[in-house]
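Participant: Numbers 57 to 292, taken from my numbering, label the letters of the sequence shown in order.
Just so you know, not all the hints are guaranteed correct.
Derived lysine to aspartate or glutamate pairs resembling EDC-like cross-links, with alpha carbons at most 20 Å apart [what the hints assert, rightly or not]: (1) Lys206 with Glu123; (2) Lys164 with Glu176; (3) Lys98 with Glu78; (4) Lys138 with Glu78; (5) Lys165 with Glu183; (6) Lys164 with Asp86; (7) Lys124 with Asp86; (8) Lys185 with Glu123; (9) Lys197 with Asp86; (10) Lys87 with Glu209; (11) Lys165 with Asp235; (12) Lys201 with Glu151; (13) Lys165 with Glu182; (14) Lys201 with Glu123; (15) Lys89 with Asp173; (16) Lys124 with Glu176.
Simulated from the structure, these hints should not be mistaken for lab results.
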Amino acid sequence: MKKLLLGVLFIVLVVGCGTKPETVVTKFIDKVKEKKFEEASKYALNDELKNDVSLSYNNTVQQLLFEKLFSNMKYEVVGSEKKGKNETVVTVSVENVDTKKVFLNIFKKMFQSAFSDSGEELNIEEEFKKILNSEDVPKVKNITKFLVIKTKEGNKISVTAENVDILFGNLNSTLSNLDKLGEEEVGENSSANGSNTDVTNTSENQNKDNKIEQKEEGPKAGTDQKLTEPTLNKNR
Numbered sequence: 057m058k059k060l061l062l063g064v065l066f067i068v069l070v071v072g073c074g075t076k077p078e079t080v081v082t083k084f085i086d087k088v089k090e091k092k093f094e095e096a097s098k099y100a101l102n103d104e105l106k107n108d109v110s111l112s113y114n115n116t117v118q119q120l121l122f123e124k125l126f127s128n129m130k131y132e133v134v135g136s137e138k139k140g141k142n143e144t145v146v147t148v149s150v151e152n153v154d155t156k157k158v159f160l161n162i163f164k165k166m167f168q169s170a171f172s173d174s175g176e177e178l179n180i181e182e183e184f185k186k187i188l189n190s191e192d193v194p195k196v197k198n199i200t201k202f203l204v205i206k207t208k209e210g211n212k213i214s215v216t217a218e219n220v221d222i223l224f225g226n227l228n229s230t231l232s233n234l235d236k237l238g239e240e241e242v243g244e245n246s247s248a249n250g251s252n253t254d255v256t257n258t259s260e261n262q263n264k265d266n267k268i269e270q271k272e273e274g275p276k277a278g279t280d281q282k283l284t285e286p287t288l289n290k291n292r
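Can you build the whole structure from these sequences, using the hints too?
Facilitator: Below, the structure is given as structure tokens:
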């Protein structure tokens, strides 16, 4: 009888732990990392999540970029806070490839190539591969908050666009602002070339490119969870 009671208690404890908000978030992220989106969607309120984050590649750069984002995705649950009777906010620290810096590095190469006398055309695809395959690929840490809601089916995550964006190294917010990113880069280089600006700060910034940048909170990334596909435009 004792063994039976202990067995029942063990099952109750396991089931109870499995439904904790932190556990639900952990399982969700793990399934995303494993590219098992249909299984990940079981932990989300949005049944269409599996369709929103399904992947298809148009070129080798896209494929390489996403492979690096999946393989470099690291996270840690750093806290949780109960909000009302049925809601819990789970705070997660996420580390991944810093897509903004990757694209900034490409813009730098494009700008330098445009004003180069070598006559050689920059191979953008090869530059992406060099950066993404480098051991010093830039990385970033962001904090994101997952809202977990208690439902009849158990705890479910109200997955936001920002959650997905931060999991994937700010990919959506970076690609949504590529025009501004390019303008910023060209403006900075033009100012540096057109004046006697002290280059010490520039050197320091370049040395920081390959370090992990810690950010307190992630950027806004739109209204849905769909992953934006990166496109290559040599005429930018």
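Participant: Each hint: holds or not?
Facilitator: Each hint, compared with the structure:
In summary, the hint linking Lys206 to Glu123 is not supported, as the alpha carbons are separated by about 33 Å, beyond the 20 Å threshold. Our distance criterion of 20 Å between C-alpha atoms is met by Lys164 and Glu176, whose separation comes to about 16 Å. For a cut-off of 20 Å, the pair hint linking Lys98 to Glu78 stands: about 15 Å separates their Cα positions. Distance check on the hinted pair: Lys138 and Glu78 sit about 11 Å apart at the alpha-carbon level, within 20 Å; holds.
Restraint check: the Cα-Cα separation between Lys165 and Glu183 comes to about 8 Å, which is no more than 20 Å; the hinted pair holds. At most 20 Å may separate the alpha-carbon atoms for a hinted pair to count; Lys164 and Asp86 exceed this at roughly 35 Å. The hinted pair formed by Lys124 and Asp86 meets the criterion: a straight-line CA distance of about 16 Å does not exceed 20 Å. Distance check on the hinted pair: Lys185 and Glu123 sit about 12 Å apart at the alpha-carbon level, within 20 Å; holds.
For the proposed pair Lys197 and Asp86, the alpha carbon gap of about 17 Å is at most 20 Å, so the pair holds. The straight-line distance between the Cα atoms of Lys87 and Glu209 is roughly 19 Å, inside the 20 Å bound, and the hint therefore holds. Using a Cα cut-off of 20 Å, the hinted pair Lys165 and Asp235 holds, with the two alpha carbons roughly 16 Å apart. Between Lys201 and Glu151 the CA atoms are separated by roughly 14 Å; this keeps the pair inside 20 Å, and the hint holds.
Taken as a hint, the Lys165 and Glu182 pair is honoured in the structure, with Cα atoms around 11 Å apart against an allowance of 20 Å. The straight-line distance between the Cα atoms of Lys201 and Glu123 is roughly 24 Å, outside the 20 Å bound, and the hint therefore fails. Using a Cα cut-off of 20 Å, the hinted pair Lys89 and Asp173 is violated, with the two alpha carbons roughly 44 Å apart. In summary, the hint linking Lys124 to Glu176 is not supported, as the alpha carbons are separated by about 29 Å, beyond the 20 Å threshold.
Comparing the model with each earlier hint shows violations of hints 1, 6, 14, 15 and 16; every other hint is respected.
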